[in-house]
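K.L.:
Whenever a hint applies, use it, and build me the whole structure from the sequences.
Protein chains: 2
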Amino acid sequence: MDSVKNYINENKDRFIAELIELLKMPSISADAAYSQDMLNTADAVKNALEKAGCDKVEICETPGYPIVYGEKTIDPALPTVLVYGHYDVQPADPIELWESDPFEPVIKKTDIHPDGAIFARGACDDKGQMFMHVKALEYMVKNNVLPCNVKFMIEGEEEIGSGSLSWFVKNNHEKLKNDIILISDTSMLANDTPSITTGLRGLSYVEVEVTGANRDLHSGLYGGAVANPINVLTKMIASLHDENNRITIPHFYDKVEELSQAERDEMAKAPFSLEAYKKALDIDEVYGEKGYTTTERASIRPTLDVNGIWGGYTGQGAKTVIPSKAYAKISMRLVPNQDNHEITELFTKHFESIAPAGVRVKVTPHHGGQGYVTPTDTPAYQAAVKACQASFGKEPIPVRSGGSIPIVALFEEELGSKSILLGFGLDSDAIHSPNEHYGIFNFLKGIETIPWFYHYFVNK
Amino acid sequence: MDSVKNYINENKDRFIAELIELLKMPSISADAAYSQDMLNTADAVKNALEKAGCDKVEICETPGYPIVYGEKTIDPALPTVLVYGHYDVQPADPIELWESDPFEPVIKKTDIHPDGAIFARGACDDKGQMFMHVKALEYMVKNNVLPCNVKFMIEGEEEIGSGSLSWFVKNNHEKLKNDIILISDTSMLANDTPSITTGLRGLSYVEVEVTGANRDLHSGLYGGAVANPINVLTKMIASLHDENNRITIPHFYDKVEELSQAERDEMAKAPFSLEAYKKALDIDEVYGEKGYTTTERASIRPTLDVNGIWGGYTGQGAKTVIPSKAYAKISMRLVPNQDNHEITELFTKHFESIAPAGVRVKVTPHHGGQGYVTPTDTPAYQAAVKACQASFGKEPIPVRSGGSIPIVALFEEELGSKSILLGFGLDSDAIHSPNEHYGIFNFLKGIETIPWFYHYFVNK
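Chains as they are written, first to last, in this note's numbering: chain F, 1 to 460; chain Z, 1 to 460.
Cβ-to-Cβ under 7 Å is the rule here; a few derived chain Z residues that face chain F: (1) Lys235; (2) Ile309; (3) Ala318; (4) Gly402; (5) Asp427.
If you are wondering where the hints come from, they were derived from the structure by calculation, not from laboratory data. Built from N, CA and C at the ideal position, the CB exists for glycine as well.
P.N.:
Set out below in structure tokens:
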């Protein structure tokens, strides 16, 4: 096992080159224009798993994009690790804010990444992190140190709600049977501060449409006399938070897990500099729910954010129109015990109820997922702790993340398995943003850490 | 003068064909992509004025799009009518809602226009209405019944604030000297209910930009902890109206002209069916400032409407982003005595003041214009009344319009002239909307009425 460092040193240029090829493929699941690229990417992942040493790899058809499944069985009597990841990426827009082509990866040094980082859409989320597991498998197989069985399940719809994965998991309990699920799709605190994600927020994502008159109107002739769907939409959205930035949807907080002061004190020990945080974002002040710290607001508290809004004339110059329709995409991050279906229903009912006369409102659910909490007293979690100690020389800090991997709760429900969220990205990696990147250090450190996890998971 | 009906009957097919050629030209002043089309349209207007009998026609250069100026002088001792119109049109979007190409005019019958209407961008606003004056001149010149001098001033920036016209008027007092300005860029109540517009609202149009963090953020990692510019923008815009739909900008109403109950009673006599209004727009209820009727809200009261809003992800599917920026285009319709510069300043100051910590706000004024009221006791207004009686067989009703022609107040200030707003469009003509159209009846009735105005203006 100590050979992992040498193996990485000897092969790192190839590892990076292989990842770069994968990153060139624009596998944007949200946009149907890229559906052929999605299929090509699934093929590329299949090939990578075969080369890394899986003895069986399949492209599994689903109602949507295919899932790449691979396995390497050493001995059916040994435990099985199921690796989950995704090959789809977020859309690249706003494209004009990228400093290089999102699908022409470049390596650049940054303050945080003095060894260089790969800039490309999906570099961190999740191609780079998923590919660490492929390369870790390659190392273990080639060096005969794989201590147990392994299965890979790499999906193509994580960025749009994992609809097909959910169908696949429900229909393949036997195939996916495992002892622990290992996922790298989260971040760690800093390159010298390893951490393991112990909680994820759930998600409810909806699109709303407000319709006024049956056609666009001249704002001079009709202004002030009929409901303007944009004005109404802003009023409706604004009313969803009160003056303390608490969400006003009735019963929204009913099931929210309230942490004890002791738990909050424990959380507060994680290193965090508000000044550095504000400086990195170039903001003069943070903003959020009264009575909670920034770290708490971004992890243990639910949120409601508008992710997109549009309506009326948005071109150059001025047009005096009252549009017929206005739209918004709204997502809510949920915390443990909040059920995303229930929250979507509460939102829909409330949003419809606050529509004034003169407009019609339509709410369309996009996708959702439950939150998740990883217990820290299990052998699997302890194996992850030891793995980080082995590679980083430091004990990792347990951290509640604000993000969502909706499928994790489903894994537990359907497969009865816990998940270990062992991520190597940084919050500053700009995932979902222009100029997403992934540190070379992080990529290689992930490949180094993963075999240690297998080792300690089997040799408890 | 009684020959006008015959002349129209003999030439109407040609009139319509000529207008259709003009409507094919996409003279969209708001979009620089159409700048060559703008110049071509100015040329076409020049040619039309020459053919109609002007003895001097010029394309006058300005800092922006040119102004077409033409004149026909009978006798310097006689009065001069200055005709104002514009050859630019509104953008056509949302293009997908047009039933035919906005720049491929088609004639279709509708319930309101049993004789047919020309469907095209600019059909009514203002190419169709402007062209009536060209054809009326042709009739008067060819039949030797032009009773006075006439000047034409047709601009290309009405839809974007008339910036260059303002410059042109200020620099050409002598050239533009006149006794009355005649404008057809408004509407009448119905084809069997002629009306003359006696008031216009002013306009202040601004664009606002709200900036949060220096880059788009992942809503899972940052949601709830930093200001989301869209959420903030909706809150800021929502706060601009109170629960009675009154505008909350301090001092906004200070100079608003308050009509007496007698004046409001007089206004209420104009035919108006709230049921028909709601049915035409397919809305279950009207919406507006408490304490005022629909007609009042759309004419004698100021408004604040969002004409466009955008920010974040607006494509297909879902993207969990907190954008760095959100934008809106906001216009305020103003009533007599409200100064548009002052209102723009009040808006800017107030909007900046309500920005919460955590965001930066930028307000950019687009354009504006003062409101206007036409006195009804002048010979010119009375000439318009008699002209309508001659062509419609009915006395026209004086009506305050909610629209704005910002230049009208400037004409009075710079040239000392009053304007007569003799429009022949209908509110249902969908100007500024998809499927704009102009009734054949209205087009021809305008050509018939205009010579009568000249007649009664000279022969008081």
